[in-house]
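Whole structure, please, built from the sequences with the hints as guidance.
Protein chains: 2
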Amino acid sequence: MRRIHMKKKTIVVVGGVAGGMSFANRYRRLNIDDEIIVFEKGPFVSFANCGLPYHISGEIKSRQSLLVVKEELLQKRFNLNVRSNSEVISINPEQKKIQYRSNQEIFEQSYDELVISTGAKPIVPTIEGLDRIPFFTLRNIPDLDKIMLQIKNHHPKHVSILGAGFIGLELAENLKMRGIEVALIEKSSDVLPVLDPEVSIHAKNALIQNGIDVYTNNEIVKIDPNTLYLKSGQEVKTDFLIISIGVAPDTTLLKNIGANLGMKGGIIVDHNYQTSIPHIYAVGDAIIVKNQISNQDTLIPLASPANRQGRQLADILSGLNVYNKGSIGTSIVKVFDMSFASTGLTEKQLTKGTYHVIHLLANDHASYYPGATSIHLKVIFDKMSHQILGAQAFGQKGVDKRIDIISTAIKAKLTITDLQELEFTYAPPYSSAKDIVNLAGYVGQNIILGISQSVQWYDVEMLKNEGYLFIDVRSFIEREGFGYIEGSMHIDIDELYLRYQEIPKDKKLVVYCQSGTRSYNAERFLRAKGFEVYNLDGSYSVYDQISKEIK
Amino acid sequence: MRRIHMKKKTIVVVGGVAGGMSFANRYRRLNIDDEIIVFEKGPFVSFANCGLPYHISGEIKSRQSLLVVKEELLQKRFNLNVRSNSEVISINPEQKKIQYRSNQEIFEQSYDELVISTGAKPIVPTIEGLDRIPFFTLRNIPDLDKIMLQIKNHHPKHVSILGAGFIGLELAENLKMRGIEVALIEKSSDVLPVLDPEVSIHAKNALIQNGIDVYTNNEIVKIDPNTLYLKSGQEVKTDFLIISIGVAPDTTLLKNIGANLGMKGGIIVDHNYQTSIPHIYAVGDAIIVKNQISNQDTLIPLASPANRQGRQLADILSGLNVYNKGSIGTSIVKVFDMSFASTGLTEKQLTKGTYHVIHLLANDHASYYPGATSIHLKVIFDKMSHQILGAQAFGQKGVDKRIDIISTAIKAKLTITDLQELEFTYAPPYSSAKDIVNLAGYVGQNIILGISQSVQWYDVEMLKNEGYLFIDVRSFIEREGFGYIEGSMHIDIDELYLRYQEIPKDKKLVVYCQSGTRSYNAERFLRAKGFEVYNLDGSYSVYDQISKEIK
Chain H
1 MRRIHMKKKT IVVVGGVAGG MSFANRYRRL NIDDEIIVFE KGPFVSFANC GLPYHISGEI
61 KSRQSLLVVK EELLQKRFNL NVRSNSEVIS INPEQKKIQY RSNQEIFEQS YDELVISTGA
121 KPIVPTIEGL DRIPFFTLRN IPDLDKIMLQ IKNHHPKHVS ILGAGFIGLE LAENLKMRGI
181 EVALIEKSSD VLPVLDPEVS IHAKNALIQN GIDVYTNNEI VKIDPNTLYL KSGQEVKTDF
241 LIISIGVAPD TTLLKNIGAN LGMKGGIIVD HNYQTSIPHI YAVGDAIIVK NQISNQDTLI
301 PLASPANRQG RQLADILSGL NVYNKGSIGT SIVKVFDMSF ASTGLTEKQL TKGTYHVIHL
361 LANDHASYYP GATSIHLKVI FDKMSHQILG AQAFGQKGVD KRIDIISTAI KAKLTITDLQ
421 ELEFTYAPPY SSAKDIVNLA GYVGQNIILG ISQSVQWYDV EMLKNEGYLF IDVRSFIERE
481 GFGYIEGSMH IDIDELYLRY QEIPKDKKLV VYCQSGTRSY NAERFLRAKG FEVYNLDGSY
541 SVYDQISKEI K
Chain A
1 MRRIHMKKKT IVVVGGVAGG MSFANRYRRL NIDDEIIVFE KGPFVSFANC GLPYHISGEI
61 KSRQSLLVVK EELLQKRFNL NVRSNSEVIS INPEQKKIQY RSNQEIFEQS YDELVISTGA
121 KPIVPTIEGL DRIPFFTLRN IPDLDKIMLQ IKNHHPKHVS ILGAGFIGLE LAENLKMRGI
181 EVALIEKSSD VLPVLDPEVS IHAKNALIQN GIDVYTNNEI VKIDPNTLYL KSGQEVKTDF
241 LIISIGVAPD TTLLKNIGAN LGMKGGIIVD HNYQTSIPHI YAVGDAIIVK NQISNQDTLI
301 PLASPANRQG RQLADILSGL NVYNKGSIGT SIVKVFDMSF ASTGLTEKQL TKGTYHVIHL
361 LANDHASYYP GATSIHLKVI FDKMSHQILG AQAFGQKGVD KRIDIISTAI KAKLTITDLQ
421 ELEFTYAPPY SSAKDIVNLA GYVGQNIILG ISQSVQWYDV EMLKNEGYLF IDVRSFIERE
481 GFGYIEGSMH IDIDELYLRY QEIPKDKKLV VYCQSGTRSY NAERFLRAKG FEVYNLDGSY
541 SVYDQISKEI K
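Going line by line, the protein sequences match chains H and A.
Here UniProt numbering is used: the first residue of the first sequence is 1, the next is one more, and so on.
Here UniProt numbering is used: the first residue of the second sequence is 1, the next is one more, and so on.
One or more hints might be untrue.
Where chains are identical, the list cannot tell them apart; a pair therefore holds if satisfied intra-copy or between any two copies.
Straight-line Cα separation of at most 27 Å, DSSO-like style, residue types lysine-lysine; simulated pairs [unchecked claim]:
1) K157 with K9
2) K397 with K61
3) K383 with K325
4) K505 with K8
5) K529 with K7
6) K76 with K529
7) K352 with K464
8) K146 with K76
9) K9 with K529
10) K290 with K413
Source of the hints: derived by calculation from the structure; they are not laboratory data.
Here is the structure:
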C-alpha cells in the first residue's frame, strides 16, 4: 500500500494515552510526511493509567516505569509534535482551528483532521462536608502524585474509598498492602456491581478476609473532619477519602460546538469514528460504542478498545477499508490472590426467560498435579440461537485464560455447544483433559437437548415454597462440613441406586451436590426412574455464599 | 430427551482410560438400564497417563493420586461392570461375541455394540544389544512401577532417553529433578520435532541449560552393558534406557478380523466412529481422524480428543445428532521453567508459498508490573483465505493462554485480521492493553495490505548472497550485547531520520531490530523514502539461536 498525498496534511490529536497515541503512532507509520500534533493538557502524553494503583503499595516500585514512552522518543522515532501541558480550550470547526492554552497563553493551531481522544474524567458527587476532608480521585500521574504526597506527609492510618468498581478494589488492595486500614463504601448491594451477585459476593468476601471494611448498600451522607457518616447510620473514622464511583466522558469541547452527544454525554460517532461535525473524529473512553452482542449503545472505558479504536481511525484516515465493529467488553480485576473477570453480558443486562445459565466449578489444572486451585465459571447463552452471551469467572489462577477463550468464542459467534469441540493445550501443569470451558459446552448440550433440566440459586426459595423436595446427594461429611439447604433430604449419590425408593413418589425434586456434577448423575437416574427432577445449577458452591448474603 | 429401548442392551468396551471411560460414563447417564462392561487388560481402568512422568521426580508425590477413579466407585455410582486384568483376545463379529483372558482362563462375552478404545502402544525399535541393558517404556502404571522399582533398587546415576518428544522431555526433566544425570537422544535434528526448528531450538537450549545432555541428529547403533554407541561415534555411559520414540495404534484385534485400517495401522472410522464392521466402533489414540485444517488423515494420540470422542460416541449410540468433526491438534509441554505449545499446522506440514508467517516477541503482561516474562509467538496463516493455519509459542508464563485463544480462533475459522478485534481481560498483572495475540492480527493486516513486507530467518543467507544490504536499527548496546547479522550496517532507529541518506540508493534492504517492531518503523520510513525494503520477521530474536544451530 502506498498513498500519495497531494499536500502534506496537519493532523491534530487532542489527548494522548491509549486512544490518542495509538492513533498517532499508527498514522505516522502510514503517512511519513504529514504533520501530527498531539495536545495533552496534563504533563504526560503517554503513561500507564492501569498501573497507577499498584504504585501506591510499591508493587510497582518506580513511578518512572509508569511513563510508557518519553516525549523525546516520540519526537525522534515517530516525528510526532507532542505538546504536553497544553490544554485545547475550543474548536472552530468552520475555520478548522483549535485554541489551546500553554504557559498561561492562548494559541491557535489549524488542522486538516481533528482527533478527539479526551477520555473520561472521574465523577465527583455532591456530599455535605466534602470540603472538610482531603479527597482524591485517581486517573492520571498528577492524581497519583497527590495521593502519594498525602501518604508521605500525613502517614494516614485509615483511608476510605467511595465506589467499589475496578479502581476502588485495586486501591483498597494496594492501600492495605501498604499497611493502611481501608473502608470501602459502595452504593450498590454488591462490590463490582458490573458482575452478577453470586459472583461478586466472592469478591466482597475476599476483601473482608483480607481485612478491608466493606460497606455495601451504603452512601456517605455527611462528612466531618476525619469522620464519614453513612446512610446506614454507621460512622467511619478516616484520614482521607478517594472517590472512585466511575467516570464520565470528557466531551465539553464537542458539546460547546453542538456536536451530537448521547448517553451520559458520550460522543456519537459513525462506523468511521466520525463525529457529527466534518473533519472531527473521536476515539477512546469518550465515545459511545455498540455492544456487539446486544447491539445497544454503551460506554466501555477500557484501555484495550481505546488502543484498537486509535489504530483503526489511523487506518481509516489513511484510506484503508476498516471500520468500528463495536465491543463486547472484557475485563478483569485482581483482588488480593483472587481474580474476577467478565466478558459480554451479565444476567443483570438480560431479560429473564431469554437465556440459559450454567455455573461450573473445576480445577485450573489436573487435580493430581500440585498447586491446583478452583475456578468458578458462569456462562450465559441464548435460549433460541444458543449463542454465548457472556461469561464471568473467579479463582486464584487461570481465570484470565478461560474468559479470554470465551471472549474469543463470543467474538466468533460460537454457540455454547461449540465449546465442546475446542482443543486446548493440555498437560497436567496447565489444564485438565476436559477443561472447564469444554465442560460448559457439555452442560450446554445437555440443557439444550433436555438431558438435564436445571434451576438457579435464585429459584430455590420459590421452589421450596411450591413444595419441591430438595435432595442433597453429597457425602455426610460434606453436608455437615459445608452446610446444606434447609429442609433437604440427604441421600449420598453412592447410595442412590439402593435408596431411591425412600423418596416420596408424589414430590417434584431438586437435586444438588457441591458443584453440580454428582447431582446431574442423580438427576439422570431419578428421571429414568420416573421422577420429575431438576438439577440445582452450580449446586451448593453457588448457593452457599449468596444465600447467606440475601438473608 | 428420553429414549426407550425395546430391550436392555449390552455394551462392551475394550480399553478404559480417556476414550473408554468417557464413553462408559456418558453412555450410562443417557441409558440407565443398559449393561456396560469395560474390559481393561491392565490392572487400572482409569489412571492419569499424562501425570506419569511427574511421579518420577516426586513432583506428584503419591502414586495413588494417579489412579483417577476407583473401580468400586465406577460400580457403585455408574453401575459399570469393570473387568480389569482382563485382556480381550479376539472378536467374533458374526456372533457378536468377544473372547477374553482373565486369571489364565478364557471366557466369552456377547455384545450388542462393541467399543474399541485400545489406544496406542510405545514403539520399541530394533537395536543391536538392546537385551544387554535394562530398558523401559512409559505408558501406564505398571510401566511406571517398573521404572520406580529400577530406580529404587539400583540407584542409577545416569539414565538415557531415546526420543525427544513430549514424553521424552517430561522424562528428562523429572529424572534430572530427581538428581539423575540424563542423556536425551533424538533421531531428528530437533528436539520436539513436531514443532518448527526456530521454536524447538529453544527447547533444546532449555534442556542443555538445565544440564541435560542432548544428542540430536543421532541414533543408538549398538548397546553394550552400560554403554550406548551413537551414530555420531559418541559413547554414552548409562545405567538404563527409556524408549519414548512414539506410539503406534494398538489395533491387532481389528486387524485379525479384517477391519479397514489406515496409516500406521490406525483404525478407519466414519463420522459416527463406526469401523468397517457393523456394531463395532472405535475412539481414542487408535483411530485415524481428519485434521480439520488440512482435511488430511492424521493420528492425534492426545487425551483431550480421546475424551471428546468417547463422549460423542456415547451420544451417537444414544441416538443424538452428533458427529466426529475431526481435530486440529493442540499440545503443550513443560520444559523446566519454560512451556512450549502448538496448535494446528506447522510450516513443516505446509507447502512453501501458500502461507504467511509472523513471529512476535512480547511480554506476558504489562512490562511495568513485576514479574513480566517474554512470550515468543509464531502464527501461520493462509495467503489466499487469510485463515489461521497454526501457531506455536514458548516462554515462561502465559503460553498456554495464547495458544488456547488461537486454537479457539482456528476452530471458529477466524482470519488473521480477526485477531485484531479480540477483546481480552486486561489489567497489568494479566496481559497488556495490546496483547501479543492482537499484535499478530495487526501484523497480519500489515502483511495482507502490503504495508509491511517481511522475509524469514531462513531467507537470510540467500538474500545476503543476492546482495541485499541488512540494516540493524537496534541500539549500539543491543548490537554488541546480543550479536548481529554478519555484514549488516548499523543505524539506530532513533538516528534514522537524520542518517538514512548514508544508505546506498542502489541496494535492496532488509531491516531488523530485536523483535521486529522498530525495524517495521524503519521499513515504513525507508519505503516512503524510495527504498526497496523488507522487514526481517521476528528479527534478531528469531534469527539468533537458529542461525547458530544450522551453521
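Hint check:
Taking the shortest Cα distances, K157 and K9 never come within 27 Å of each other, neither inside one copy (55 Å) nor across copies (72 Å). In this assembly of identical chains, K397 and K61 lie within 27 Å of each other by CA distance both inside one copy and across copies; the values are 24 Å within and 22 Å between. For the identical chains of this complex, K383 and K325 are neighbours both inside a copy (25 Å) and across copies (24 Å), given an alpha-carbon limit of 27 Å. Taking the shortest alpha-carbon separations for K505 and K8, only the inter-copy value of 24 Å comes in at or below 27 Å, while the best intra-copy value is 84 Å.
With identical chains, the CA atoms of K529 and K7 are at most 27 Å apart between copies only, with a shortest distance of 16 Å across copies and 81 Å within one. Taking CA atoms no more than 27 Å apart as the test, K76 paired with K529 passes between copies only; the shortest distance there is 17 Å, against 77 Å inside one copy. With identical chains, the CA atoms of K352 and K464 are at most 27 Å apart within one copy only, with a shortest distance of 20 Å there and 66 Å across copies. In the homo-oligomer, the alpha carbons of K146 and K76 never lie at most 27 Å apart, since the shortest distance is 31 Å inside one protomer and 65 Å across protomers.
Within a single copy, K9 and K529 get their C-alpha atoms only as close as 77 Å, which misses the 27 Å cut-off; across copies the closest is 18 Å, which meets it. Proximity of K290 and K413 under a CA criterion of 27 Å is satisfied in both settings, with 16 Å inside one chain copy and 24 Å between copies.
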